[in-house]
Amino acid sequence: MNEKERSINMKKRNKDLIRIASITIAAAMLMAGCSLTSVLKDQGDSSSGSKHKKTKTEDTEKTEETGGTEDTSSASDSKKNKTDKSSSSDGTLKMPEVSDKDKDTSYDESGAQKIQLSDSSGTVNIDKEGTYIVTGSSRDASIVINVSDEEDVHLILRDAELTSTVSSAVTILSADEVYITLEGSNVLSNGGEFKASGEEDIDAVIYSKDDLTINGTGTLKISSPAGHGIVCKDDMVITGGTYDISAKEDGINTNDSIAITEGSFTVNVQDDAILTDGAMQISGGTYNLTCAEGLEGTLITIDEGNINIAASDDGINAAQKTEGVTPEVVINGGSINIKMGAGDTDGIDSNGNIIINSGTVAIEAQSPFDYDGKGELNGGTVTVNGQSISSLTNQFGGGRGGGNRMGQVPDGNFNPFAQGDQGQGRMPGGKHRNEQDTGFDPFSQGNQAGNNQNKSQTDDLSSL
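Residue numbering for the sequence shown follows full-length UniProt numbering, starting at 1 and increasing by one per position.
Source of the hints: derived by calculation from the structure; they are not laboratory data.
Note that the Cβ used here is the ideal one computed from N, Cα and C, for glycine as well.
Where hints are given, some of them may not hold.
As the list claims (entries may be wrong) - Quick list of simulated restraints, FRET-style, between CB atoms: (1) G184 to S148: 26 to 36 Å; (2) K103 to G130: 18 to 28 Å; (3) S390 to G184: 29 to 39 Å.
With the hints as constraints, model all of the structure from the sequences given.
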């Protein structure tokens, strides 16, 4: 055995000895009533030789390797996150900017191109910059926008009704920015199937590869039985309009960011109501969301708005979707009502921080808050299951089982979109998910966090 092999074997033996010692210590601490979670966390910290220090820049929080303790600056800095584009190339995430042009619904009708839809319209191609007014109806047609990346298109939907049987009703392949203005009552839908077009895997009724803004005072009804309602692969802004979105998957899905200043949204979907991989900023509007998850992104900032969420997974979820950025939910105002279904659900869930500075937040849930970083309640009015609280407490819900994310909806009725239970996790009161009686209270705390705590810790230890 050469020197290199002896060194490798020695390292392996040391790791095994450390792990055995950790398990022994964990078992002893469990007998003394200590938390397995804290034991394993301490083990991870000591073995790494350093801790993560969370520091906030003007744009967002960064995670830096240091040898010190945690130090985080004020959450009010999140209101400063205003730039022209969202970006994560340097490990930061910037909030989207809402410009005056995003709010501008005016145009010169005399110079606009007119598109009158009919059943024989087929594919309507827009390949030049300009303003286009769409009226009429078609049972099988689509509008495809493909201009240079330096050109803008202003698309006016004026009492338009458009169904594409196998693709998007509106497809944006290339543009600098596309502005859709809603006038009157508009309906866009997919016939129940999406077929790829060339290299494009189109999966939404409105599908955009570039920046997209929707404004106006009209209404837009979207039906997507086979995919998403709206997909934007870049930055998206909504500054007005009334929306009724039903979809098999997400209601609104964006890659880079989404900013909403006004509008009325009724969303009934099987997955996320509004999702972005980047930053989400809500500064107004009314929202009635029935979904698996209500709002999901890496950074979620709510400044104003009337938001009602009935969800079967997470009401609001800040997930680690952008590498190098600490997920965060910041609530600076508005009225937020979250009602969660039974099972493995969280009212507000963050892989990083939850910070509430102002506003009104009411949560009905077995687990109202779940965060991996810090939880701060600096102002506002927050109630959990009807009781006012003065601090945010992590509730990990010992003994909660693993059901499908579209399991039981908050009103106790079975969700028609459910795909079936994946696990046999017990609900509070000792019943399996499929053993609930008609009198089951989906928000009952039962013995969830108490009696099951030691059992769940023992199970975790035995799996090591």
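*Could you tell me which of the numbered hints above are not met by this structure, giving the numbers in increasing order?*
Hint check: 3 fails alone, others pass.
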